[in-house]
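*Asks:* Chain by chain, the residues:
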Amino acid sequence: MARSEQHSHGSHDHASATTNRSRLGWAIAIVATVLIVEIVGAVATGSLALLADAGHMASDLIGLIVALVATIVAARPATERHSFGFQRVEVFAALFNGLLLIGVAAFVAIEGVSRLITPDDVQIPPVPLLVVAAIGLIANFAALMLLRGGASSSLNMRGAYLEVFGDLLGSATVIVASLVILFTGFAPADAIASLVIAAMIIPRAVSLLRDVIRVLLQQTPVETDVAEIRSHILAEEGVVDVHDVHVWAVTTGKNIFSAHVVVEPAVFERGDSGRLLDRLSMCLSAHFDVRHSTFQIEPAEHAQHEEHLHP
Amino acid sequence: MGNDHSHAPAGAVHTRRIAIALAITATIFGAEVFGAIITGSLALLIDAAHMLTDVFGLTMALVAARLMSRPTSAKRTWGFARAEVLAALGQATVLLAVGLFVFVEGIQRLFAPPEIASGELIIFGIIGLVANVASIAVLAGGRSANFNLRAAFLEVVNDALGSVAVIISAVVISLTGFYRADSIVAMLIGALIIPRTLKLLKETISVLLETTPTGLDLDDVRAHILGLPHVVAVHDLHASQVATNLPVISAHVVVDEKCFRDGTAPAVLDDLQKCVATHFPVSIEHSTFQLEPASHAEHEDAVHT
Numbered sequence: 000m001a002r003s004e005q006h007s008h009g010s011h012d013h014a015s016a017t018t019n020r021s022r023l024g025w026a027i028a029i030v031a032t033v034l035i036v037e038i039v040g041a042v043a044t045g046s047l048a049l050l051a052d053a054g055h056m057a058s059d060l061i062g063l064i065v066a067l068v069a070t071i072v073a074a075r076p077a078t079e080r081h082s083f084g085f086q087r088v089e090v091f092a093a094l095f096n097g098l099l100l101i102g103v104a105a106f107v108a109i110e111g112v113s114r115l116i117t118p119d120d121v122q123i124p125p126v127p128l129l130v131v132a133a134i135g136l137i138a139n140f141a142a143l144m145l146l147r148g149g150a151s152s153s154l155n156m157r158g159a160y161l162e163v164f165g166d167l168l169g170s171a172t173v174i175v176a177s178l179v180i181l182f183t184g185f186a187p188a189d190a191i192a193s194l195v196i197a198a199m200i201i202p203r204a205v206s207l208l209r210d211v212i213r214v215l216l217q218q219t220p221v222e223t224d225v226a227e228i229r230s231h232i233l234a235e236e237g238v239v240d241v242h243d244v245h246v247w248a249v250t251t252g253k254n255i256f257s258a259h260v261v262v263e264p265a266v267f268e269r270g271d272s273g274r275l276l277d278r279l280s281m282c283l284s285a286h287f288d289v290r291h292s293t294f295q296i297e298p299a300e301h302a303q304h305e306e307h308l309h310p
Numbered sequence: 000m001g002n003d004h005s006h007a008p009a010g011a012v013h014t015r016r017i018a019i020a021l022a023i024t025a026t027i028f029g030a031e032v033f034g035a036i037i038t039g040s041l042a043l044l045i046d047a048a049h050m051l052t053d054v055f056g057l058t059m060a061l062v063a064a065r066l067m068s069r070p071t072s073a074k075r076t077w078g079f080a081r082a083e084v085l086a087a088l089g090q091a092t093v094l095l096a097v098g099l100f101v102f103v104e105g106i107q108r109l110f111a112p113p114e115i116a117s118g119e120l121i122i123f124g125i126i127g128l129v130a131n132v133a134s135i136a137v138l139a140g141g142r143s144a145n146f147n148l149r150a151a152f153l154e155v156v157n158d159a160l161g162s163v164a165v166i167i168s169a170v171v172i173s174l175t176g177f178y179r180a181d182s183i184v185a186m187l188i189g190a191l192i193i194p195r196t197l198k199l200l201k202e203t204i205s206v207l208l209e210t211t212p213t214g215l216d217l218d219d220v221r222a223h224i225l226g227l228p229h230v231v232a233v234h235d236l237h238a239s240q241v242a243t244n245l246p247v248i249s250a251h252v253v254v255d256e257k258c259f260r261d262g263t264a265p266a267v268l269d270d271l272q273k274c275v276a277t278h279f280p281v282s283i284e285h286s287t288f289q290l291e292p293a294s295h296a297e298h299e300d301a302v303h304t
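Protein chains in written order, with numbering that gives the first Met the number 0: chain A, 0 to 310; chain B, 0 to 304.
Hints are not guaranteed to be accurate.
[Claimed, not checked] Across the chosen pairs, the derived CB separations fall in these ranges:
| # | chain 1 | residue 1 | chain 2 | residue 2 | range |
| --- | --- | --- | --- | --- | --- |
| 1 | B | 226 | A | 105 | 30 to 40 angstroms |
| 2 | B | 29 | A | 118 | 51 to 61 angstroms |
| 3 | B | 190 | A | 36 | 36 to 46 angstroms |
| 4 | A | 198 | B | 129 | 41 to 51 angstroms |
[As the list claims (entries may be wrong)] Which bits of chain A does chain B cover? Going by a derived footprint, with three or more residues having C-beta under 8 angstroms, they are:
| # | stretch |
| --- | --- |
| 5 | 80-94 |
| 6 | 127-135 |
| 7 | 209-219 |
Honestly, the hints are just simulated from the structure, not real lab data. Just so it is clear, CB atoms sit at the ideal spot from N, CA and C, and this is done for glycine as well.
Using the sequences and the hints, build the whole thing.
*Replies:* Here is the structure:
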């Protein structure tokens with residue numbers, strides 16, 4: 000597929016892949032810089048809050064690096080071992096990021112609950128916390144703006160975007176919490192804030208994972224209606240039946256289609272199967288978002304000696 | 000994929016046996032996790048993780064067979080065939096995580112061995128061993144001599160060995176107070192499991208990446224197809240595996256224009272399907288060939304080799 004696109008949609012796909020890569024590269028640079036600043040700050044001041052946030056940033060950085068490596072691998076051309084190319088690698092990166100997000104969110108939620116039940120004796124100094132969170136907020140906001148443009152282009156980019164989004168939420172809620180603590184002295188605000196973060200991140204991560212699993216399980220892409228495709232095919236002149244219809248996606252948006260189309264004997268006799276193939280291919284690419292299709296046009300007697308038939 | 004002894008199709012006769020074995024194994028898995036927590040034994044933990052592969056394998060044999068026989072639908076045109084592969088990936092990931100944990104923790108414990116409740120450990124070891132033997136008895140009764148028999152036997156013996164090792168370490172600890180025995184045994188069991196886990200991980204990931212099935216050389220396939228009568232060219236040749244026993248292939252085959260007029264196209268199609276089903280180490284029953292006249296390829300926008 001990778002090579003084929005360089006023919007047809009080449010310039011567009013190639014350009015967006017390059018932009019996504021540079022988006023990720025810049026986001027990594029920002030997050031890595033903040034991470035180093037925070038670690039240095041944590042060592043210098045002995046602040047636990049800084050160290051905890053650095054932990055977040057580190058998970059973020061890992062997620063972004065995985066996403067970047069995936070985009071690089073995905074750009075490799077198809078080989079004999081990988082005849083569909085390597086774009087599936089990006090789906091794995093999204094799987095990794097989805098699981099990482101859920102792991103971090105679950106950890107934050109558990110921490111939050113345990114601190115609500117048994118509040119820390121250690122008072123969190125609100126002012127340093129506020130400073131850390133503000134730095135994180137600015138950095139994450141910049142990274143988020145960079146990644147937002149690419150978020151809808153692939154599951155991988157959506158995963159990377161969500162990583163940063165989670166961190167942004169984290170910084171924002173921490174700011175609110177430290178302001179609340181500063182002005183009202185309401186200590187549980189911090190723990191409540193972590194629960195809010197978890198509640199906002201988990202549904203997004205789950206939805207990402209659901210899409211990832213749909214691709215990995217070879218399910219029909221959401222926007223594709225197999226019944227409608229079947230009826231389109233059956234409506235073509237000379238078509239008697241259609242079976243073994245399969246639609247799946249290498250990665251979101253790169254749909255692969257195959258079907259066995261049973262035709263009247265007259266189609267072969269007239270030498271019309273070439274034209275029927277043209278019409279079927281045209282219909283599919285015009286009416287449905289399918290990049291790669293294979294139609295096996297067969298006479299009725301062929302289907303009878305095929306091993307396994309299913310709709 | 001999963002465990003070797005889950006491959007055999009779960010016939011109606013076997014379903015009950017598998018269900019019983021699953022119930023035993025799952026119970027023991029729970030008991031061993033509980034045991035690992037109360038005794039502090041690393042060996043018991045890794046043995047429990049190993050047990051989890053059995054639970055998984057048996058569940059697959061029981062559920063996957065039923066799930067995979069469910070008809071395909073418009074939402075899932077391949078049915079649930081892939082579920083098996085994804086589940087195996089999950090299992091391998093968990094095993095690998097436990098394995099790594101055991102090694103990191105085991106090495107630390109060699110330097111500062113914590114106390115292990117060896118009396119309880121012996122009890123849990125014996126429970127594990129008895130359960131393994133019971134599973135063997137239940138499964139063995141239903142097995143005829145087949146391909147998987149040897150592999151299944153080795154797998155089950157392997158499991159029993161884990162329990163024996165746990166018992167030995169518990170005895171050593173209670174007699175000599177040599178607490179390091181637990182970590183050593185844990186790492187030994189880990190060393191047995193991790194290579195197989197990595198292999199499973201590699202296999203599942205390669206299926207999920209739509210890699211060409213092992214044993215199938217696409218160059219070879221292309222040469223065969225080009226060698227068939229009337230075939231002019233092949234492009235868009237793709238092979239992958241939906242699940243362990245479901246390799247699929249699709250290709251666009253350019254044939255002589257006259258095939259479409261004199262009615263030989265269906266015969267070419269038969270030749271193609273017979274070729275991929277019989278000529279290669281991997282027999283592909285599910286193939287889709289798009290026969291096209293040379294004029295078609297010219298206006299296809301996505302032609303590649």
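*Asks:* Going back to the hint list, which numbers does this structure go against?
*Replies:* 1, 2, 6
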